[in-house]
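Okay, here's what each chain looks like letter by letter:
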Amino acid sequence: MRLFDDLNIDYLSKRKMTYVISSTLIIISLLSFAFRGIELGIDFKGGTEIALKFQNPVNISEIRTELNSIGLGNIEVKTFGGESGILVRTELQVVPPLVFQRVISAIDNSIEESRPGVQRSIVDSTSNSVTYQFDNPEETDILTEQLFINGFQTAKIDDKTMNVRVGIADWVEEVLRDKLPDNPFVVQKEDHVGPKIGSELKRDSVISVVLALFVIMIYLGFRFKFVFALGAVVALFHDVLITLGLFSLLYGIIPGLNLEISISVVAAFLTLVGYSINDTVVVFDRVRENLKIHKTAKLEDNINRAINKTMRRTIVTSLTTLFVVTILLIFGGDVLRGFAFTLFFGILIGTYSSIFVANPFVYEYSLKTKKKIQF
Amino acid sequence: MIVAFLALSIYLLYPTYADRKTSNEIEKQLSFLGDSLRSANPQISDADVNDFLEYKEDSIRVSDPSIKENSEKRVKLGLDLQGGMYLVMEVNTAKLLEKLVKNPDEDFTQMLSEAAEDAKLSDENVVSILAAKIQDSGKRLSRYFGSIRDDDADIISRLEEQEADAVTRAIEIISNRVNQYGVSEPNIQKQGSRRIIVELPGISKEEEAKRLLQGSALLEFKLVKESDFTIPIMNRIDEILAKQIKYIEGDTSSVEDTTAVADMSPEEFARSHPFYSIALINPQSPYADAFVKETDRDKLKSFLNRAEIKNVIPDNVEFLFDAKPYSVQEGVNIFRLYLVNKQPELTGGVIVDAQANIDPQTTAPIVTMEMDSDGAREWARITGSNIDKRCAIILDGAIYSAPTIQGKIPSGRSQISGMEDMNEAKLLEIVLKAGALPAPVDIIEERTVGPSLGQDSIAQGFNSTLLGFFLVAVFMIFYYKKTGVVADLALFFTIIFIMGILAGFHATLTLPGIAGIILTIGMAVDANVLIFERIREELSTGKTAKASIESGYANSYSAIFDSNITTFFTGIILYQFGSGPIQGFALTLMIGIVCSLFSALVVTRLVFDMMAAKGNKINIG
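The listed protein sequences correspond, in order, to chains S and V. Note that the first sequence ends on residue 1849 in this note's numbering; no numbers are left out. Note that the second sequence ends on residue 676 in this note's numbering; no numbers are left out.
Since the hints were derived computationally from the structure, they do not count as laboratory data. Treat the numbers as computed from the prediction; the structure is a model and nothing was measured. One thing to keep in mind: the hints can contain errors.
Distance condition first, Cα-Cα at most 27 Å in a straight line; then the derived DSS-like pairs of lysine-lysine [to be verified]:
id, chain 1, residue 1, chain 2, residue 2
1, S, Lys1766, V, Lys598
2, S, Lys1766, V, Lys260
3, V, Lys260, S, Lys1670
4, S, Lys1699, S, Lys1519
5, S, Lys1653, S, Lys1766
6, S, Lys1490, S, Lys1842
7, V, Lys397, S, Lys1630
8, V, Lys76, V, Lys150
9, S, Lys1670, S, Lys1488
10, S, Lys1630, V, Lys481
11, V, Lys379, S, Lys1630
12, S, Lys1670, V, Lys175
13, S, Lys1630, V, Lys175
14, V, Lys245, S, Lys1670
15, S, Lys1769, V, Lys245
16, S, Lys1653, S, Lys1552
17, V, Lys154, V, Lys76
18, V, Lys131, S, Lys1630
19, V, Lys298, V, Lys245
20, V, Lys354, V, Lys365
Only some residues are given here: those of chain S computed to face chain V with a beta carbon under 7 Å [claimed, not checked]:
id, residue
21, Arg1639
22, Asp1665
23, Ser1736
24, Ser1738
25, Phe1797
26, Ile1801
Quick list of simulated restraints, FRET-style, between CB atoms [what the hints assert, rightly or not]:
id, chain 1, residue 1, chain 2, residue 2, range
27, V, Asp205, S, Lys1676, 56 to 62 Å
28, V, Asp205, S, Asn1610, 40 to 46 Å
29, S, Asn1482, V, Met665, 31 to 37 Å
Glycine included, each C-beta is placed from N, C-alpha and C at the ideal position.
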């Protein structure tokens, strides 16, 4: 099959229009950053996140109201992996002191239920655990096992003492077990991230994206001319900014799509940088070749010819990549959804910017400096 | 060459397939056995059934060495796919400094807690922040650390050394406990200067695992029992186990003559001597240490935990294993099992210092250990009355060394020799220090993935890969017709190569890693597309098929090369940036680039050249 054979489009003449499109998108993105902000996941903010899978479908808004009144402040509740899964998130690191007592009494009730009247005393408690002592070593074994089955995280310390975790996850799970007794759940994942890790990760993410742009610029500077390197990096910056703007703009608007910045989204941004540069370099390579062959031709003709000649490849590769990313978006599960979303729009914008940002940049530069670009 | 690569990849992937198959089979067998056991004996407790099944599974797995080999060579799954616990821990330097300081006053406590707070928000470490604070307050560091003659820079560097030591110690303590806990394929590694990453696959009891990793280490010195005490106990254990096994297996045949060991086949021996068949005693040795294969260790532990067996072992003694394998036989680690006094003679608190050294006379590695005055007094008494007996050095219930006491040690300064090499001596130094100086760790990140989420992810990843491949393949054939098939062939090879390389390097496959493979499927055709389009252009200028292929390839090289190198760079940066799952993604992405280039430049080239040589008309699309 042949598409776009002998294309002869003058892309550069349309650059004024695409400048307007690009700057509008960037302005919208910047405005959205300013007014809506970017939602960071717990990877960056620190906090606790739990994913639960119930046996039967659950009413998410009902759970939300339940969980907002359990003393943990404003808890985020979202669906996770279909109708019977939920994701609960809070920025809290430990259970607040007021709630702590309530969790302890829940643990105590559970002990009383399992072994009525058992002799016990609390010998120690930290911000995230409580230590029970029993008179009878046998009880320690039985209760460590039984409380674990009841859903608490327990550990036997020695013959007479048992440790029970008092975490946000334990409290949320206990409340849900209590409120929805006939809809049991399993814990799919529990994440707890300390505040220090988050701030380090933020720094590392920015460093790695900037470093990627820098390394690309150096390499292309060597292989092409510096202005090409600059054009490519401007295009990449454009892609990252607009995709990030989309994250900010669409956050919380599309149900089932969790658009917060997590580590895997940062990985997707780096991949998008990799993809977009790939695309740009292929066109640049053709420009370079044309400049060598048609030394007397005008720069704009060479650039237009290069884009036209590589158009088929651009479209085929973008399509195949979009295919697989769409599949990831639909079938890849919740864990990969943000990742796939980034790439989906990243590829569209990356393909656009290779043609309408990177190349016009090179052209504008040569117009401004009145220099002829030669290889 | 292509055939060789393909064969290699398939060879590398075979263990993964075989391991999956045998695991399924074993599981089926076991569940069948469990059911039949329950129906034959309805009163049997679940714990007994599980014990028996575990024992059976071990024996199936041990019976065929290829099973173990396959499971070691298979593609490993990341925690996000198989479920488990991921922890990042940091050594709490402030707590360490609290232990190291001499004569602390209120100022110091104040400064230390301030420094600890500041360190939470800054990149500088607690040591340098605290040092700056002490200097600011007009004091010298020697007021609190080291001796009066030391200058500040020396003290700082020594404290930093102590900090680094604490990390090493914490890693040793953690690995020791994780090994004893019986987690399969744990991963413990150092990250940066003060952090430790621990991955525990298949762990669901989080609190238990956390306590295991965080609790303070217990170092003990216990006397090893002599063989005339140990052997009768082992004999008794052996007899009881033999009876039990007959009961569980429902064997009603008459009791065999257990003395005729020489005539028995290994199976018979295992039935009549369940203990001695896995815990080998060297009759020539003066010691009654039993040698146990690593694969039999859990089984032996479960034997020793049975109530009937516990009754035979006197209350004041216990069986303990070596912490590290004593030797390796036919690829299997051998551990020694000792019978020791339950009551420790001394605990690690008395140790002031330990140092690994080279003995100047014999040039053999030695470890010297110093005790405080109370410890030294006790030690003199113990060593004096137990000459020629062995004293085991035990950290958290695992024996690191059991040197023989050669004479009374009055000063508390002891010297331990007989280490194989300096590494072993260094290890003993770390262990001895662990008793004296704690290595407090804080958990700063904790992620647990349940097995069900992992299963879902595997299924989703696998389906997406298949679907992605199918869609891209169909599109390529639709667009490029016959040459599309060539591209699809190259794509297929690419995926096989990626998997082969992952298996060959024992890399871990994570969910983002699978995403990387899927993405590669979409992007891998790029090189082929570039070449095809170029050949098509060349053909349209009227060149012959052969010449078009030649120049089509030649003219695409620079584009393919430059574009893939830049993508590869971002892959490297991604690998540096990420941890665990993200590294898996970066890895598959980079491997994917290399493999797709190989497929496009070598595999499709070969097919095209063959087509051209046959005189076929090349017609792209």
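Hints, one by one, checked against the model:
For the hint linking Lys1766 (chain S) to Lys598 (chain V), the alpha-carbon distance of about 21 Å falls within 27 Å, and the restraint holds. Pair hint Lys1766 (chain S) plus Lys260 (chain V) does not hold up; C-alpha atoms about 67 Å apart against a cutoff of 27 Å. Restraint check: the Cα-Cα separation between Lys260 (chain V) and Lys1670 (chain S) comes to about 26 Å, which is no more than 27 Å; the hinted pair holds. Among the hinted pairs, Lys1699 (chain S) with Lys1519 (chain S) is inconsistent with the structure: their alpha-carbon atoms are about 41 Å apart, more than 27 Å.
At roughly 74 Å between alpha-carbon atoms, Lys1653 (chain S) and Lys1766 (chain S) are farther apart than 27 Å, so this suggested pair is violated. A threshold of 27 Å between alpha carbons decides the hint, and for Lys1490 (chain S) with Lys1842 (chain S) the separation of about 15 Å falls inside it, so the pair holds. Taken as a hint, the Lys397 (chain V) and Lys1630 (chain S) pair is honoured in the structure, with Cα atoms around 20 Å apart against an allowance of 27 Å. In summary, the hint linking Lys76 (chain V) to Lys150 (chain V) is not supported, as the alpha carbons are separated by about 50 Å, beyond the 27 Å threshold.
For the hint pairing Lys1670 (chain S) with Lys1488 (chain S), the CA-to-CA distance comes to about 48 Å; that exceeds 27 Å, so the pair is violated. For a cut-off of 27 Å, the pair hint linking Lys1630 (chain S) to Lys481 (chain V) is broken: about 32 Å separates their Cα positions. Using a Cα cut-off of 27 Å, the hinted pair Lys379 (chain V) and Lys1630 (chain S) holds, with the two alpha carbons roughly 25 Å apart. Taking the CA atoms of Lys1670 (chain S) and Lys175 (chain V), the gap is about 6 Å. The hint holds against a cut of 27 Å.
Among the hinted pairs, Lys1630 (chain S) with Lys175 (chain V) is inconsistent with the structure: their alpha-carbon atoms are about 31 Å apart, more than 27 Å. Restraint check: the Cα-Cα separation between Lys245 (chain V) and Lys1670 (chain S) comes to about 18 Å, which is no more than 27 Å; the hinted pair holds. Only pairs whose Cα atoms come within 27 Å are accepted, and Lys1769 (chain S) paired with Lys245 (chain V) is rejected, the gap being roughly 57 Å. The hinted pair formed by Lys1653 (chain S) and Lys1552 (chain S) meets the criterion: a straight-line CA distance of about 18 Å does not exceed 27 Å.
With a CA separation close to 54 Å, the supplied pair Lys154 (chain V) and Lys76 (chain V) exceeds the 27 Å bound. Distance check on the hinted pair: Lys131 (chain V) and Lys1630 (chain S) sit about 31 Å apart at the alpha-carbon level, beyond 27 Å; violated. With a C-alpha separation of about 48 Å, the suggested pair Lys298 (chain V) and Lys245 (chain V) falls outside the 27 Å cut-off, and the hint is violated. Restraint check: the Cα-Cα separation between Lys354 (chain V) and Lys365 (chain V) comes to about 15 Å, which is no more than 27 Å; the hinted pair holds.
Hint status for Arg1639 (chain S) relative to chain V: holds, with the closest Cβ pair at about 4 Å, below 7 Å. Hint status for Asp1665 (chain S) relative to chain V: holds, with the closest Cβ pair at about 5 Å, below 7 Å. This hint is violated: Ser1736 (chain S) has a C-beta 10 Å from the nearest C-beta of chain V, more than the 7 Å allowed. Given hint, Ser1738 (chain S) at the interface with chain V, holds; its Cβ is 6 Å from that chain's nearest Cβ, closer than 7 Å.
Of the supplied interface hints, the one on Phe1797 (chain S) holds, with its beta-carbon coming within about 5 Å of a beta-carbon of chain V, less than 7 Å. Contact between Ile1801 (chain S) and chain V, as hinted, is supported at the beta carbon level, the nearest pair being about 5 Å apart and thus within 7 Å. Evaluation of the 56 to 62 Å hint for Asp205 (chain V) and Lys1676 (chain S) yields a failure: the beta carbon distance comes to about 39 Å. A C-beta distance of roughly 54 Å is found between Asp205 (chain V) and Asn1610 (chain S), which places it outside the suggested range of 40 to 46 Å.
Between Asn1482 (chain S) and Met665 (chain V) the Cβ separation comes to about 36 Å, which falls inside the hinted range of 31 to 37 Å.
Violated hints, in rising order: 2, 4, 5, 8, 9, 10, 13, 15, 17, 18, 19, 23, 27, 28; the structure is consistent with all others.
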